[in-house]
Amino acid sequence: MTTPLHRYRIVQWIDYRLPIFSWTNEHLVEYPAPRNLNYWWNFGSLAGIMLVVQIVTGVILAMHYMPHVDYAFNSTEHIMRNVEWGWMMRYLHANGASMFFVVVYIHIFRGFYYGSYKSPREILWWMGVVILFLMMGSSFLGYVLPWGQMSFWAATVITNLISAVPWIGETLVQWLWGGFSIDNPTLNRFYSLHYLLPFLICGVAFIHLWALHHRKSNNPLGIEVKSPRDTIPFSPYYTVKDLVGLGVMFFVLAIFVFYLPNFLGETINYIKADPLVTPPHIVPEWYFLPYYAILRAVPDKLGGVIAMVASIAILFALPWLDTGKVRSARFRPIYKQFFWIFLADCFVLGWVGANPPEGSFILIGRITTIYYFAHFLIILPLIGKFERTRPLPESIHQAVLAKKGGGAAPDSPPQPSAAGNP
Amino acid sequence: MADTAPESEQASPQGEETRRDFLILAAGGMGAIATIAVVWPLIETMNPSADVLALASTEVDISAIEVGQAITVKWRGKPVFIRHRTQEEIDEARAVPLDELSHVESDEERVKKAEWLIMIGVCTHLGCIPLGNKLGDPVGLFGGWFCPCHGSHYDTSGRIRQGPAPDNLPIPEYEFLDDTLVKIG
Ligand code: HEM
Ligand code: FES
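Sequence order for the protein chains is A and B. Adding 227 to a residue's 1-based position in the first sequence gives its number in the numbering used here. Adding 19 to a residue's 1-based position in the second sequence gives its number in the numbering used here.
Covered stretches of chain B (in silico footprint by chain A; criterion: 3 or more residues with CB under 8 Å from a CB of chain A, positions within the stretch not fixed):
id, stretch
1, 66-79
2, 91-98
Take a look, some chain A residues computed to stay more than 12 Å from chain B by CB distance:
id, residue
3, Arg-244
4, Tyr-258
5, Val-329
6, Leu-424
7, Pro-455
8, Met-476
9, Phe-477
10, Glu-614
Keep in mind that the hints were calculated from the coordinates and are not lab data. The beta carbon of each residue, even a glycine, is placed where N, CA and C say it ideally should be.
If we strip away everything but chain A, and leave its shape as in the complex, we get:
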C-alpha cells in the first residue's frame, strides 16, 4: 500500500524492509471507520492514553521509590517533598488510576448500551474483560506500595479473601505473602508485579485491537458496515474527534491533580502502616466499592468471594446471555430501560460499599446484589425472547443522511482529501 509519504525515497527504503508506514496508514489513517460514531467511541483510545500516562509516571516514580517496609512510606514522602515535580508525578499516578477506571467503566457501559459484545465481537469483548481484571490487579498492588495504614489493611483484607478457598486456602495465602503475614517479602513481590501487570495489559490490549481491526468497530446503530459509503477514514475525522475527548479528559484529570489531589484518597494512608493497629474503617478505592458491596452482601466468607469474582466473570458469558439479535439499545425499547436500571443498580452498590454493613445497608446491599445477577441471568435472556425491536435502518449512510434531512444519498463516499478544503 502506498501512502503520501512514499514520495520520499527513505520512506520507501524503510517500508520495503519494515512496512511500518503502510501499516500505520492502514490502521490509523485510511482505516475505514463507521461514519456515525459518537463521542462514546472516544473512550477506547482514552483508555489507551491513560495506560501510557500510568506507565510513564510509574517509571519515573520507580526511580525514587524503595520497596522495603522501612523505606517505602518515607520514600513516597520523599517523592512528594524533595524530588523535583515529584508531587505532580505521584498525584498524576494516583489520580490517573482513578481516571483510567472512569474511562474504562464508561467504555464498558458503552458496550452494554450499543451491544458491542455481540457476534462477531465476542473475543474482542473477552479481551476487554481480561484487561479489566488485570487493571484491578495492578491498581490493588499499586495501592499497597506507599505502605500507609490503608495500604496495609486493604492488602490484608483482600489477600485474606483467598484463605476462603477450601483446604488449601491458608497455604495459598502464605505463599502469596511469602511469610505468615503481610511483610517485607509481600511488599517486594507486589512491587515487582505492579511493574509487570501494566505491560501485560499492553499485550492484551494489542490482541483487543487486533480483533477490533479484523471485524471493525460497532456503531450507534449497531448494524454492520455494508459499503464504503458507510465509512469515513480514521484520519483526520476520528483522530481529531479523539483529541477533543483527550482535551476534556486531561482537563478533568488536571482539576483533580492540582486542586483535589487527595479527594479520592484516604487520609489515614498518610500514617505509616502498623501491623498491630487496624483502622476503624477499612474501605477500598471507589472503583472497587460495588464489588466490595457484593462481597459483603453474602453472609458466608467463601460465598462472598465467589459472588464477587462472578460479578465480573459473568461478563465473559454476556454475549450468550443477551439473546437479542439487535445490537443497539436505540432499537430495543425494553432493553434500553433495563440498561438504565442496571446502571443505577451499580451506583447503589457503590454507595452501599462505601458504608458500614449495618442496618438498612445490609438489606439494600442484598437486594441490589440479587438484581445485579438477575439482570444478566434472568432479565437479559427474557428480553431477548419477548422484546419487539424497532425496525433497523437499511444502512448506516441512509440513516445518517435521512437524519440530516437530505434523504438522497450521494453516490460517492466522502473523499479523504476533501477534508483539507473547507
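Dock chain B with the ligands against the given chain A, drawing on the hints supplied.
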C-alpha cells in the same frame, strides 16, 4: 496443517495410528513435563524463605501482667494476645453451653492454665485485629473482643459468637517454660 500433511506424505489409511502420531504424542508429553519442571521452582520461590521460617518462636515474660490485663506481642508479624483472665471471665467462658457455639471448642481445650488465655489476635474473617485488649476498647456483646471491620464478636475465651468470622481466634503453639516465661511457637 498437521491434519492435512500425513495424507499426502505417508500412507495412513482410515485413521490408523502411525509412527508420527506416536512421536507427536511423546514429544507433546515430554514438553508438558518439561514445562511443569521449569514452572515448579518459579512458583516455589514465592514461599516463605528460610529466614522467615527461622524466626518462628519468641519468649515472653508475663510476670508483669496483672489480673484483668492483657498484652499484645508480635510473633511471625502477627499480634498474639496474652490475657490474664479474672475468675469471672473464666467462669463466664466455662458456663457457655457448647451447642451455642458455631465453632465448637470448650474453654478447657483452649487454655493450658485457666487464667492465661493466649491466642493469635487476628480475626478469622479477613484478618483485622479485634479490639478489646486495651482498657476502654469495645469488647463486643460477649465481653471478650470485637472486630470493627465487619462486626465479629468474640467471647472471653476468644470464641466467635456473632458476626461473619467462621472460626474462633486461633491458639498458637506455646509452652510455659516456668511460672513467668512463655515460649510462643
Ligand atoms: C495499569 C497501570 C497502572 C495503574 C492502574 C497503577 C496504579 C497505582 C496506584 C493506585 C498507586 C498508589 C497511588 C498512591 O496512593 O500513592 C500506584 C503506586 C505506584 N506505582 Fe503504579 N499503576 C500503574 C502502572 C505503573 C507502572 C508501569 C509503574 C512502574 C514502572 C508504576 C509504579 C508505581 C510506583 C513506584 C508506585 C508507588 C509510589 C506511589 O504510591 O505513588 N505504576 N500505582
Ligand atoms: S475482619 Fe474481622 S469481621 Fe471482618
